[in-house]
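Novice: Sequence:
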Amino acid sequence: MNWPSHGANPIKLYKEMSAEQPASVVDFSVNTNPLGSPDGLRSHLEKSLEKIHNYPDPDSERLHQRLAKQHEVTQNQVLVGNGASEMIYLLAQLWQGQRVGIVQPTFSEYQKACDAYGCKIYPIMLEEEHQFDLNPSNYRPFLDLIDVLFLCHPNNPTGAVYKPHILQDLIRQCKEKEVVVVIDEAFYDFVADVPFYSPHVIENSNVILLRSLTKMFAIPGLRLGYAVGEPSLIKRMKMYQPTWSVNSFAEEAGLYCLGKSRFQQQTAEAISVEKRSLFTKLKELGYRPITTQTNYFLMKDPFHEDTKAMIGFLLRRGVIVRHTYNFLSLEGRFVRVAIKRREENERLLSALQRWRFLCSP
1 MNWPSHGANP IKLYKEMSAE QPASVVDFSV NTNPLGSPDG LRSHLEKSLE
51 KIHNYPDPDS ERLHQRLAKQ HEVTQNQVLV GNGASEMIYL LAQLWQGQRV
101 GIVQPTFSEY QKACDAYGCK IYPIMLEEEH QFDLNPSNYR PFLDLIDVLF
151 LCHPNNPTGA VYKPHILQDL IRQCKEKEVV VVIDEAFYDF VADVPFYSPH
201 VIENSNVILL RSLTKMFAIP GLRLGYAVGE PSLIKRMKMY QPTWSVNSFA
251 EEAGLYCLGK SRFQQQTAEA ISVEKRSLFT KLKELGYRPI TTQTNYFLMK
301 DPFHEDTKAM IGFLLRRGVI VRHTYNFLSL EGRFVRVAIK RREENERLLS
351 ALQRWRFLCS P
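Per the working numbering, the sequence shown starts with residue 1, numbered consecutively.
Calculated from the structure, these hints are not laboratory results.
A hint or two may mislead.
Claimed, not checked - Capping the alpha-carbon separation at 30 Å, the derived lysine-lysine pairs in DSS-like fashion look like this:
#, residue 1, residue 2
1, Lys163, Lys283
2, Lys283, Lys112
3, Lys260, Lys69
4, Lys112, Lys163
Make the full structure from the sequences, and use the hints.
Specialist: Structure, rendered in structure tokens:
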């Protein structure tokens with residue numbers, strides 16, 4: 001079966017599963033903000049419609065200034081682009097042919113980008129029995145073998161947030177070995193009390209951060225992300241970046257959303273409440289959700305090693321979950337589920353309860 005590479009692709013998923021798509025669908029494979037975009041964003045963009053007649057600022061000057069101030073770095077340490085995924089491909093192009101370690105299971109675009117540019121990939125595997133946590137025993141054996149290391153934090157799809165002292169050890173060890181560390185913080189804004197790693201960019205020339213505005217502000221259609229790193233590295237990335245990579249609407253949306261700190265706080269609070277409720281009910285039904293620190297989680301059905309049948313069952317009831325067949329070591333034994341609003345979560349629970357009743361021993 002040709003599974004979609006990512007979530008948010010219901011048409012392809014229904015087609016591959018030979019299932020008819022119901023009129024009403026809730027897509028739990030999409031892990032953007034369940035509250036949607038900040039109030040006023042739509043009207044703000046409508047007022048900017050005249051900008052479509054002009055070329056966007058090729059340097060996204062205002063957005064670079066705002067982000068540099070937010071991260072307490074200089075402007076030449078920031079590069080804005082067409083989503084964090086563009087940053088991943090720019091880095092892979094920059095390091096083409098080099099040796100890259102990727103902490104797995106994780107976001108598939110790291111390997112896809114590095115494969116495209118002829119990198120030699122070293123998977124650094126995390127163990128299910130340790131809740132996919134990161135330990136020195138995972139990465140230290142690889143540090144003499146690699147030039148670059150990709151780390152997703154919080155990790156997608158596991159939702160894991162790693163211990164600060166472990167991350168500090170990783171950064172220190174990599175610096176000693178002259179290994180560049182890419183920390184992808186696309187889901188950072190959903191998590192309370194996660195260390196802010198901009199200071200490591202200032203102190204360590206071997207660290208580069210990736211961020212996304214897509215997730216928290218629910219603007220995936222606009223494509224907006226950025227990198228924070230050492231000036232010479234940012235300059236080299238920019239050499240490969242197409243002109244006008246950020247369109248006018250994306251820049252306007254970014255400037256508008258970055259001022260909405262209260263919205264981010266409300267989101268984190270709402271997700272925390274829903275997470276507790278959802279996990280309690282899933283466990284009562286006999287499912288095994290994996291502890292998460294963000295707005296999505298992995299889940300197992302202990303009665304079915306493979307999840308294909310359950311995914312199809314849910315699809316026919318208008319509930320889409322994210323398959324894990326293209327994640328190393330997960331390979332269809334889990335599904336990834338986004339945390340939504342209460343009424344949407346109740347629909348998921350109802351469908352899972354029905355699956356449990358009809359399809360469990």
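Novice: Please verify whether Lys112 and Lys163 have alpha carbons no more than 30 Å apart.
Specialist: Holds. Lys112 to Lys163 sits at ~28 Å (cutoff 30 Å).
Novice: Lys283 and Lys112 were given as a pair; does the straight-line alpha-carbon distance stay at or below 30 Å?
Specialist: 35 Å, violated
Novice: Is Lys163 close enough to Lys283, meaning Cα to Cα at most 30 Å?
Specialist: 26 Å, holds
Novice: Verify the proposed pairing of Lys260 with Lys69, using a straight-line Cα cut of 30 Å.
Specialist: Holds. Lys260 to Lys69 sits at ~15 Å (cutoff 30 Å).
When held up to the earlier numbered hints, the structure conflicts with hint 2 and nothing else.
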